[in-house]
Amino acid sequence: MSTRYRAGACALALGAAMLLPAAPASAQFDFSGEWVTPRAVIYGRTLSQQFEDGPDRADGPEMGDYTGLPLNEFGRRKADAWSASVLAQPERQGNPHPAQYSMRGGGGPNLRITKVIDPVTSAWTGLRMDGFYNGGNRTIWLDGRPHPGQYAEHLWSGFSTGVWQGHMLKVTTTHMKLGFLRRNGVPSSSRTTMTEYFVRHGTYLTVITILEDPDYLEDYFVRDVTLRWAPELVVGPPSIVDPSDELGDKPLGWVPHNPPGTRHTEFAERFGLPFEATRGGAETVYPEYQKTLAELIARDKAARSRQAQEPAR
Amino acid sequence: MRPVGTRRAVLLAAVVALVLWAGTARPGAQGQVETLRVQGQVHLLAGAGGNVTALVGPQGVLLVDAGSQGATEPLLAALRTITPLPIHFLINTSADPDHVGGNAAISQAGRPMPGWNGAGVSGAPVFAHENVQRRMSAPGPGDPGFEAPFWPTSTFFTGKHTLHFNDEPIELLWQQAAHSDADLMIFFRRSDVISAGDIVNMESFPVIDLARGGSIQGELDALNRIIDIAIPRMNQMDGTRIIPGHGRLCNEADVVEYRDMVTVIRDRVQTLLAQGKTLEEVQASRPAYEYEPVYGAEQGAWTTRMFVEAVYRSLEGEDARSRAAR
Numbered sequence: 001m002s003t004r005y006r007a008g009a010c011a012l013a014l015g016a017a018m019l020l021p022a023a024p025a026s027a028q029f030d031f032s033g034e035w036v037t038p039r040a041v042i043y044g045r046t047l048s049q050q051f052e053d054g055p056d057r058a059d060g061p062e063m064g065d066y067t068g069l070p071l072n073e074f075g076r077r078k079a080d081a082w083s084a085s086v087l088a089q090p091e092r093q094g095n096p097h098p099a100q101y102s103m104r105g106g107g108g109p110n111l112r113i114t115k116v117i118d119p120v121t122s123a124w125t126g127l128r129m130d131g132f133y134n135g136g137n138r139t140i141w142l143d144g145r146p147h148p149g150q151y152a153e154h155l156w157s158g159f160s161t162g163v164w165q166g167h168m169l170k171v172t173t174t175h176m177k178l179g180f181l182r183r184n185g186v187p188s189s190s191r192t193t194m195t196e197y198f199v200r201h202g203t204y205l206t207v208i209t210i211l212e213d214p215d216y217l218e219d220y221f222v223r224d225v226t227l228r229w230a231p232e233l234v235v236g237p238p239s240i241v242d243p244s245d246e247l248g249d250k251p252l253g254w255v256p257h258n259p260p261g262t263r264h265t266e267f268a269e270r271f272g273l274p275f276e277a278t279r280g281g282a283e284t285v286y287p288e289y290q291k292t293l294a295e296l297i298a299r300d301k302a303a304r305s306r307q308a309q310e311p312a313r
Numbered sequence: 001m002r003p004v005g006t007r008r009a010v011l012l013a014a015v016v017a018l019v020l021w022a023g024t025a026r027p028g029a030q031g032q033v034e035t036l037r038v039q040g041q042v043h044l045l046a047g048a049g050g051n052v053t054a055l056v057g058p059q060g061v062l063l064v065d066a067g068s069q070g071a072t073e074p075l076l077a078a079l080r081t082i083t084p085l086p087i088h089f090l091i092n093t094s095a096d097p098d099h100v101g102g103n104a105a106i107s108q109a110g111r112p113m114p115g116w117n118g119a120g121v122s123g124a125p126v127f128a129h130e131n132v133q134r135r136m137s138a139p140g141p142g143d144p145g146f147e148a149p150f151w152p153t154s155t156f157f158t159g160k161h162t163l164h165f166n167d168e169p170i171e172l173l174w175q176q177a178a179h180s181d182a183d184l185m186i187f188f189r190r191s192d193v194i195s196a197g198d199i200v201n202m203e204s205f206p207v208i209d210l211a212r213g214g215s216i217q218g219e220l221d222a223l224n225r226i227i228d229i230a231i232p233r234m235n236q237m238d239g240t241r242i243i244p245g246h247g248r249l250c251n252e253a254d255v256v257e258y259r260d261m262v263t264v265i266r267d268r269v270q271t272l273l274a275q276g277k278t279l280e281e282v283q284a285s286r287p288a289y290e291y292e293p294v295y296g297a298e299q300g301a302w303t304t305r306m307f308v309e310a311v312y313r314s315l316e317g318e319d320a321r322s323r324a325a326r
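Just so you know, the protein sequences line up as chains D and Y, in that order.
Just so you know, we're using my numbering here: the first sequence kicks off at 1 and counts up by one.
Just so you know, we're using my numbering here: the second sequence kicks off at 1 and counts up by one.
Far from chain D, by Cβ distances over 10 Å, these chain Y residues were calculated:
id, residue
1, GLU73
2, ALA77
3, PHE157
4, GLY317
Derived EDC-like pairs: lysine to aspartate or glutamate, alpha-carbon spacing no greater than 20 Å straight-line:
id, chain 1, residue 1, chain 2, residue 2
5, Y, LYS277, Y, ASP267
6, D, LYS115, D, ASP143
7, D, LYS250, Y, ASP267
8, D, LYS250, Y, GLU257
9, D, LYS301, D, GLU266
10, D, LYS115, D, ASP130
11, Y, LYS160, Y, ASP192
12, D, LYS250, Y, ASP221
13, D, LYS291, D, GLU276
14, Y, LYS277, Y, GLU316
15, D, LYS250, Y, ASP228
16, Y, LYS160, Y, GLU171
Treat the hints as calculated values from the structure; they're not laboratory data.
Every residue, glycine too, gets a C-beta built ideally from N, C-alpha and C.
Full structure from sequences and hints, please.
Written out as structure tokens, the structure is:
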């Protein structure tokens, strides 16, 4: 089996495994309510640190950290050229997180999921999800409506439809804007298709996300997040960003970017990793890469050792 | 010294190819035209060549661009699914055949608004910048141009012209030397929609038509002007909508991405030019590399190489003008 399909197969197997222990009689399941990412509780004290995806939820990843991302060369080069200073453009300051990223980013998410009910027929037509960063909130339509055509606008939230598979909800999202997979410039193109599986286990909700990006990925991008039911949570309205002038004398149209050939080596140096291992790619996604990584580390170690033994010139 | 004759021949060939390609009804142009309600009184009709914008209200219809010559019938059929009211105005955003090819038939399918002071015009008046008229009536070498029935009937040479129709203030904003020297952006102030013509093209790198007065800096100025006008509703969502010359509907955030892409490529080519690199060396460095999967093409009327060459030639020209001025 090619590596391209292994991630998808793994995700489906994981989804199926999660479904088996509590197969319900009904074909739909209620996800409505407030949900929060579980925080670590040590000795009865709740820490602000989340269990998972810390760099995505909090400070953000380091430049050049593409580890475990199935980036192709186009995506890698786009990430290398990205400069965080671009976020100072007034016309970017209020950007919500794109749907490709929002489920595991933005300090949470702290979600409120509500049913969308047709006011006339009382039919359950969708699920509304509020609480995403800067208001990139989503609606998952359950009424069988088609996705928009090729000329329709792309949104931060994309356009999502869902179908029930037992009590697991399969959601397909298209029409997303050009977004990112990590907040260090790793791109996710607007032609990406996102497939999600929502599974509830009592007071926990697991969401498995699979991205197919024909432009910037060479394999499936697969992640899962688990949320805890949190009836005490109050999801407020999104922050409305009032863009301010952070550019000083820079005119409209100033676009900071790194020149071609930029090497973000800081991350590799800080964690003692071979530079190649930080560059992502399909092979870095799979467990077999550990062997390659060990070989690369041994190679680098030997090189350093040789350098140390060479007489100073 | 570079062979000027060869350069001109390449540019001429590119223009001819563009004209032939754009004037030909492409797949979809003869078939289904997709209609999409944008917001306010504005609709998008796509699939008839270049995108067509329709302002539809109680007074009738104003169209921005007329699609390709062979696509008038499906275009009018699609318009009739929106309204039975007559076409009273047509505006051209450029002289490109996929935007003006339907001028004659669309104009004749309409009629002047009652009371309109357009002596001698039987169909709907056709507005454009005077450079559209110039390009269509006195085309350059190798450009077939258009016969008189296709020409605009009402042109202007100033930076801005205004109309008021369907209770909608409409600004026709001339953008000098962008995609060409005849570009108009049409701003529907009440509906909050900009019809941008080929200044924005979501299906390719912007066509910088040097032979028709386009330039990379003018293209960037035009994109920045759109960003300056557009106001998102909240956090870069919704708000002003921008209808591109080709491809999907946008809001400001999409134009910002497009502007950034064009700027990054311009900066790279400019750096290489300043280092004395030849066009061949610039092409070899692939300055548009990471944008190629989204906007690039190896074949067709506007390839990635043609775009990079246009950026290079445009900057080279600016550089020469700047040196001459010193």
